[in-house]
Each structure stands twice: as C-alpha cells, then as structure tokens.
Amino acid sequence: MNFGFPSFPEAASEYAKQVDWLYAYLNIVTTFFTVGIIIAIIIFSIVFARKSEEDRPKGIHGSVPLEIFWSVIPFLLCLVMFVWGTDLHFQNSKAPADSMEFLVTGKQWMWKVQHPNGKREINDLHVPAGTPVKLTMTSEDVIHSYYIPSMRIKRDTVPGRYTEIWFEAIEPGTHHILCTEFCGTEHSRMIGTLTVMAPADYQEWAGSGAMGDITVASKDDSGPMLSVVEQGKAVFTETGCAVCHIGGGPAQLGPSLEGVFGTEEELIDGTKVLVDEDYIRESILNPAAKIVKGYQPVMPPYVGQIPEEKMMQLIAYIKSLAEESTANEGEI
Amino acid sequence: MSEAVTAKNYLNHESTIKSWLLTVDHKRIGVMYLISIIVFFTIGSFAAALFRLELMTPDANILQHETYNKLFTMHGVVMIFFFLVPSVPAVLGNFLLPLMLGTKDVAFPRLNLASWYLFMTGGMLALGAVILGGIDTGWTFYTPYSSTYANGNVIMAAFGVFVTGFSSILTGLNFVVTIHKMRAPGLNWFKLPLFVWAQYATSIIMVLGTPVIAITMVLIILERGLGIGIFNPALGGDPVLFQHLFWFYSHPAVYIMILPGFGVISEVIACFSRKRIFGYEFIALSSLAIAFIGFFVWGHHLFVSSQSIYAGMIFSILSFTVGIPTAIKIFNWVATLYGGSIKMTTPMIYALGFIGLFLVGGLTGLYLATLAIDVHLHDTYFVVAHFHYVMVGGMVFAWLCGLHFWWPKMFGVMYNEAAAKVAAITIFIGFNLTFFPQFILGYMGMPRRYHTYPEEWQVLHVLSTAGATVLAFGFTVFFITMFVSLFGKKDAGRNPWQATGLEWTHADSPPDPHNFLEDPKVTIRYAYDYEDESLYAEEGKEG
Amino acid sequence: MSEHNEHNEEHDDHEHGVGGYVIVFVALMVLSIITVMASYVDFGPLNIVVAVFIAVVKAAIVLTFFMHLKESPKIITACAVAGFLFVAVMLSFLGADNKGYEIETVPQAWSELGW
Amino acid sequence: MSHENTDAPPYQQHFFENMQQQNQATMFGIWLFMAQEILFFGGLFGAYTWYRINYPEAYEAGSSWLDPKLGLLNTVVLIASSLTVVFSVHAARQGRKNGIILWLVATLILGGVFMGIKTVEYGAKYDHSLIPGKIFPENPFNWHGTKEQVEAAGHADHSTGLKYYDKASEGTKGNIKPGAWASDTYVKKTQVAEPKGIQIYYCLYFAMTGMHALHMIIGAGIIIWICILAHRGRFNKEYYPHVEYFGLYWHFVDIVWIFLFPLLYLI
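Protein chains in written order, with our numbering: chain A, 1 to 332; chain B, 1 to 543; chain C, 1 to 115; chain D, 1 to 267.
Keep in mind that the hints were calculated from the coordinates and are not lab data. The C-beta atom is built at its ideal place from N, Cα and C for all residues, glycine as well. It is possible that part of the hints are untrue.
[As the list claims (entries may be wrong)] Partial selection, computed: residues in chain C whose CB lies under 8 Å from chain B: (1) I75; (2) A78; (3) F93; (4) L94.
Using the sequences and the hints, build the whole thing.
Here it is as structure tokens:
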C-alpha cells in the first residue's frame, strides 16, 4: 500500500475497480478543461498584453452559438458521469442474496461487530475473501459512518434505523475501517482494521472461539459460543416473545412469526406493510403503531428494554424463521 | 490620516466614534463590516493554523481531542457565518451598490445599520460560546450529536447563527429593493454592472434561504434546551430531517458565498482587458439560474446518510445542471480576454488566479455530484479540498481582488503595487500547496475532522501544513501592505483604472457623504463601454 | 419587471369598499365551515388534499383582497408567489425522500437494465 | 437631476426622489419580508410533512385531543380580526384618525380572544400530560390513548388500564390534580402502546402554534405602537404606511393559521 509516496488507495473489490474507472473518466474530463482553460488564459495574457496606454481594443458583444456550444458539450459530458455514476451506485445498493450477514453497531467511539456464527469483535472486522459480505448497521447514539476506503463504500449508521452496505473482497489483505461522520471527542479513534482472510483461514479463525483482542467483553461471552440466530432465539425466549408469537392458532394473542419475514401483512386499517427489519423493530418498540389485522393492540412496548445488539439478534432469528419455512417451498 | 487632502468626503466629514456607530451611510457601514470581518477572519485563521500544525504528525501532540474539535468548529462557524457570507455582499456590496446604481443610499439605511448590529450581536454570541467552553459540533450542527451528546454551548452558538441569519436576510432585502427601485434614470437592467446582477441573485437567496436555517436553529435550541425530541431518535425524531432542513439553506448559502465573487471578477476582467464583457446577458442571467437551481440540489449532501436512492438520483442530476451556468461564466470570462488589452495589475492577478482555482474547485464538484464517486469521497479530505478551492480560491480571492480594485475608491489611496503583487502570488502558491495534497488524501480515504490519522498519510499532511505557512506569510504581506497604504497620500484620483461604472466616472475618491455631487444621469450605450473615449480623458491618470 | 409600475396608482383602488370586504369575510367563513365538514367525510387519503386545497383557496382570497395583491404591481405578486413556490419545492423534495431507507425498493428492472 | 426637493413632504426620506418611489420601495420591502416569513414557517411545515409521512397514525391519534370546535372558533376570531384590520386601513385611506384607532383596538381585542382560547387549549394539554420535553418536569409527556379509547375505557372497565379521574370521585388522591390523568404508578394493568412518533406530533403542534402565537404577540405590540402614533396625528390621507404594512403582517399571520387549523385539528 505504501510505496514511498502514497498517492492512490488500493482497490480491493471488483466494485472498487469499477469506481476507479469512473474516477479515471472524471479525471480525464476535468484535467482537459482545467489545463485547456489555464493555457488559454496564459496565452491570451501574453498575446494580448497591453502594449501602450493608447490601446483601444474592439469590444465583442457575444455569440449565441458559442454559448450554446459551451453549455451543451459540458452538459453531455456531465450526463455521462451522471448515468455511469448512478448506474454503478444502484447496482451496488443491494447486497446479493447469498451474502454473509454481519451486524454492525456504532457506538461512541467503537464499532461492535457480530459474525453470522455469533463471534464478536470490536472495531476490527475479519471476513473471508471471495464471499459477498453484507453489513447491516445501526447506531446506539449519534450518527456514525462506516467507511472502507479500499472497497469505495461508505454508509451512515443512523440511530433508530438500519442501513446496509456490502462488498466482496478479492484476496486476503488488510484495509482501513474509518468513521467519517463526526461523532464526538474520539471520532478519529473510531477506526479499525478489515482483515480479509482465505475462506479456510476464516473458518478456522471464526470457529476457534478466540475473541481476538476484545477488551470490552459482554456477558454473553462466558458461555459456549452461539450463532446470531441462536442468540436471537435465546432473546426471543427470555423476553417472552414465544408465548404469543409461535405456533399460531385462534388462542394466540399475537400473529405467528414463522415465515412472515419478507411477506406483506394487512393491517387493521386495511393498508399493507412489508415485514422487514424496520417494521419488526418498530413492532417490538411500539407495537401499537401498525397492528396486523385480526389482532388486538395488547402487546406492551419494549422501548428502552432491548439493546441494539439484542434487537439485531432478534431480527436475525425472526428472519431465520422465514428462511426455514420458505426453504421447504423451494424458493430461490 | 494624511492632511494633504481637505476635500470633504465620507471618511472625514465627521470623525467622532458616535458618528461611526450611529451612521446610516452605506459607505461607512461597509467599512465597519470590513473591519469586523477582518477580525473574524483573523480569529478563524488562527484556529486553522493551530490545527494545521497539529496535523503535521499522525498522533495527537499539541492539542487534546476536545480542543482539536473545538478549534475546527470555531474555524468553520466563524469563517462561514461571520466571514464568507458577509465578505463581499456586506462589505463591497454595501459600499458599492448605491454608487453603482447612482443613488444616494440603499433603500432602508437604518435597517442597514440594524443589520450590522445584528451581525455583531450574532458574532459576539458565537465568540462568547467559544470562550465560555467552546463548541465541538462542527459548523454543520448535525443532530443528534449537537442536540443531545455534544459538549459546550451549542444553544448560544446556534442563537448566534440565528441572529446573524436575520442580519443576512435584512441585508438581502435591502439590496433587492435598492436594485429594483433606486436605479438612476436611464440605468436599465441590461446596463447594470454585473456586480449588481450577482448581488441581486445573492440577495434573493439570502431572503428566501436564510429563514429556513433560522427556524432550524430554533428547533435545535428547543431540542437541546427543552428536550422536545424533534430530532431525537429515542422519541421518534429523525436526525435526517435536520440534515434536509440544514442543507436547504446551507447549500444555497455556498452560492451566497460565491455569486458575489463572480460579480467582482466580471468587473475586474472587463476593466483590465479594457473590453466590454463577452456575453453580458449570459453572465447576468446565469447568476439568476445558479441562484434558482441552487435551491434544488441540497440532497447531494445526503447521498450516504440513508436518503432514498431515488431522491439521490434527482439531486445528482440537478447538481450537474447547476454546473452549466457556472461553466458559461468561466468560458465568457476567458473569451473576454481574447482580443483585449490586458494589464497585469494586482486585482487582475487575483482575478485570473480566481478563474484557475475556481475551475479546479468547480470541476471537483462534479466528482461529488456523481453518486458512486461521492459515496467514496463523502466526508473525506476531498470534500475539504473542494470546498476550500471554491471558498478560498474562489470567494476569498474575489474578496481580495475586489478590495484591491476598489481600495482607491474606498480610501482614496493607492497601495504599493509591488508588495501587493508579491502577496497575491504568495497566496496563490501557498493556497495550492495547502489544498492540492488534500485531494489526493481524500481519494485515499482520509476522513475530515480527524485529529489523528494512519501514518502513511503523513507526507501529504506535512506538505499541506507547509503550504499553510506560505499562505499565512502571503496574508501577512497583504495586511501590512494595505494597512501601510492608508497612511499614504490620498492621490488615487477619481478613476485610476480608467474603468466604467458610475462609482468611477461620477463619484470622487473617497466619495462625498452623499455619494454624488450632482445626481448622475446614465448615457452609456451598454455596460462596460470601454470604447467610450471620455473614460481616458483628463481625469484618467491624475486626480 | 423593471421600470416603475405605472398601472398602480395608490389612490384609486377603493372600488371594493367596506361592503366588498364583508363579502370576502363571509366567503372565508363559509370556506372554514366547509373545511370542517369535509373533514368528517371520509375521502381516504384525499382528505388531506381537500383540506389543503381549501386552505390554499382561503389564503389566495386573503392575499388577493385583504392584502390587495389584485391592485399591486406584478413584482409584489412575484414575491408572494416565490415564497409559496419555494416552500412547495421544499415539501415535495422532502416527500421524495419518503421511505427511502428501505433498500428493498430498488426495482429489479433498474439493475437488469445494465446499460 | 432634481435638486433638493423643497416641496417634498416631511415624511419623505432624503435619498428618495419622490414619495411614489418611497412608497413602492417600502411596500416591496415589506413583501420581501413576507416572503421571508413564508419560508420561516415553511421550515416547520417541512418538518410537519416529513413526520406525517413517517407517522400517519401518530397524527391521527394526536389530533383526537384537539378540539375542532375551539379551532374553528379561533379561525372565526382571527379572520374577523383580519377584517377589522382591513377596516382600519380603509379608515386610514380616508384619513379618519379615530377610525384607525377604533378598528385597531378591535383587532387587539380579537387577538386577545384568540390568545385566550389558545391558553385554554394549552392548559388542557398540560392536564392531559401532553407537553413534550422537559418544559414541565413534574408533568412529563404521558400518552394514555386517544380520546376515543380513553372515553371508552373511562366508562367501561379498567381492562386497558386507563382511568379518567373526574372531579367528583378521585379528586383527592395523591398529588394528582382534579381532572388530571393518572400517572403510571396509579392504575395501569396493561399499558396502552404509544403510536410511534406521538411526541413528535405534539412537538410540532406546540412549535407551530407557538411560533404563530409569538407572531401575534409581536403584532399586538405593533398595534399599540401604531395607536400611539395615530393618536399623535402622524398619519394623513397620503401617508399611513405603518397601518398598511401592519395590515399585511396581520393578514400573513392569519394565512398561517388558515393552514394550521386544518392540518393540525382536522386531518
């Protein structure tokens, strides 16, 4: 990465390379105009320098064709930038379905990460190469922004809402992870290292149970290591969700959560809502906001009772309930 | 001041402090703004110098994290709200607008004075917040950090911005009315100097944009003081709404900070090419186009803050669109040089420097309008460099350019050309050395507002700090040159540059308290009529 | 817009005297009552449209007659219109960011376009 | 070209060519100020729109506690005050000094009635613990369901955990004021869930109506000032800008309410 005089960041994913091509195009266009205009200014300044105080140059009113010419050409060049940039952005905005999902929680001033198998890290992130990695992110306090320069991706983590980014590292290596949204005193210490490992190495590392150099250990770490879904299941049970939300049947107070994720539910007011992360989160914190048709608003709100990490585990578990049921139907 | 000239002018007809503090003369108010913003500029610069020094090394050496954060916040708040926004509009605009329009004063002189007092009140509140503990939110005041988590006097600073906002609104209102209703007989819209057009566009933004930041600041104050929850996610508030409201003003605000600069450059380029400006109508109307489209692009500040990607797409294309009128201006200025009679005076050096730097600043804006690239560059040093190229390379250069150009008119004295040229060239070199490395740093991923950073970026940071030293030296030379000139002989003469415009052809240097000894009547065929021989007649060279 | 707008002579605009104003007042009252009544009828999502539409009509009446926009120079009408226009623009862009946080909303079609 | 204008009236500023220029300029200035005011409130309406899209159910639940009858009454009062202002301007045009003062005082009274009704409404919000934030730490925001839910619960049983303490039966319990809502510690078998963003609705309600009320208070101050000027005989048939511009300001305040009333009370 460092070759005497650092000048260009590593491109560690296919997407990063595509962004660099677009960057190259922009560089060519802007350099052309910058150099061209500066040369024109220098040449004019020399050629038309005032020779005597008696100089009375002839004024030119202007030229409409010229104005149109130098508005339309730059505009077309800009349109290329717009279409190219937007296309790239849109294509990259949704993670592939087979991504490994990592949960990231920003907190003043650290990144808390949980791997799909439940392993936790602080600040650093270990991922396997050649696998799409999706980060589902939120924040516990202020807005942070998760930034991996060598992947050319960045996304704010906003309290009260989930955002996601994804990348697919090409080969093993280490990269910077930075927080780019000013978040307080130790903003510049909210950094970590992304370690891309060969898949086999990752399996070994993640399965080892070693917690790396985590200094802030959470209570759950004492027991045997559980996957995110398993931890979510534990939260589901200990919070008492299972009483009303598993099994279904007429006696149940709440809708069964098996297989609901990703479907549309009809609400009491007749509107429909897509069951996604945000809806589940909202329904846990403020159940009465959107009541599914056929049920009463009897569930107590859990505002302030479930920490963000547990919330993410819960959601992961509810998602897994849907995956189990759709797996049988043979959906792609 | 020199006793050589005894003619009555706006500077010497009364000299008590009271006569300054209670003046309703637009020229004196302009000078008062000049002094005030130089004080703010100095304060902001010292903050910048301190943290630039700190950034020489990757680790924290001379400052605490907390102090560093307070310093860059102070730099941002002071420079943007108390230097850049009033720099050209309130100083040169106040001084020149009535002169250029051939009228005795702005439409509401007392309101004008009230604006200055509001400005100073806001400035004192912001400085007070800095002294009484500082603020560490950054000039953007992003919630929920500013409303819930930040240290220091956010309420006081926000109130300072609120008050200053009204100063800006009232100044804008005053200018719009003055331009509409107070023009001298015969001075129709398309004979106006382009500086007036630029001021007009700026003033419209000031009147229509600033109230939104005012109400946003009120909400911040309520949120922080009373915890009403409007931006607090725990209560259902949405921090992203704050960003929308904030940028609804603050993006147009960067046009407040650059459009008047365009006006200055148009004047200077025409004068020292001794040639009417190329494509007058296009330059004039492109200012209005920028002001108008500039209101619809704010969302490009939210590309990564979980804004809808469709909204992102719309804001992206609109952001490209606003570049076109700007390109038109640059091409027209260069075309004006063609076939002219170019004289390299200090203002001309600044003006050509402006074109070069603003070009870089403007074109790097295209990177930030491109969605995929902006995701990478957002909140990195690339943005810092872009912003400084536009604001320092653009507006500060335009401000210096205008100050050098109208200095003889304002104070009746001429500065030392050689020293001023040294300052201009030093500032140009120092500026590029400071900020060009930051583009490279930005693409490498260096985030803004970082106190410490990974070691491999140190080389570029050292370069940048070295450049800042050169820049500081340049500004010192500039200040000394201008200050010394005030004590020189008042012999600049009525029209030392042989320029068009009522302020040169009809008013003395310095002007009479009532601007014109007799009401001017406009007879020119078109604006910038440099073929008019009367410009070069008797009073051209010697005053 | 430019030169002094001659068509406005300050002193000859007294056509609608007291009686005219009272008629305007009555119209505003009627509209106020209509808007209350309309709110009890369920138009679904159209309720807000109806309410805002009536409010806009009322505001327009106040502007035109009470605030004398009818007899004012165009530039003054332009001021008022500009104010409302910019608010409308702000509101519509804020609306455009609605539900923007759901990444699922990317249409398949767009990414399949490929260009 | 004109020399010193010796025949200019005393109220003409020296830097204006003539009264027509002065009138047009000041009128234009006032309207620009109006445009500025529109944008100022526009920011609040922006917040209103944003949250309405996000939390439609909170708006519905929240507005159940606003009384459309009081809102309509206030609308009538305010529009009537606009009418009296128009009459005042009309009187000024005819040079009737007493007419100016009379109608302005009428406006002041109507404005007072408006503020009085507003105070009653704000008081009810206090009693229902619907004031967000730390303004009244002893009576924090506490949602007990919509008006319909509460009324249903009050008359039926306590199954939803809601109870309305009316004056007669429970007035003496603890520190709860008569007519106030029971706090959480009293009766709450199961909680009524808050619609998401319900506090935000009340934030907006108080921010918008509060900012509107602030404008009315400023307007009241201006009325008094103008009445004093009128009493001193500062105005005549040709010169009454204060009255006219105040009229514009007051109508603007009226227009803001025209939008606030349906948006907050009705839908």
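Taking the hints in turn, this is what the structure says about them:
1. Because the closest C-beta pair between I75 (chain C) and chain B is about 7 Å apart, less than 8 Å, the hint holds.
2. Taking 8 Å as the C-beta contact cut-off toward chain B, the hint placing A78 (chain C) at the interface is violated, the least distance being around 11 Å.
3. A hinted interface residue such as F93 (chain C) counts as satisfied when its beta carbon comes closer than 8 Å to some beta carbon of chain B; here the least separation is about 7 Å, so the hint holds.
4. Taking 8 Å as the C-beta contact cut-off toward chain B, the hint placing L94 (chain C) at the interface holds, the least distance being around 6 Å.
Checked against the numbered hints given earlier, this structure breaks only hint 2.
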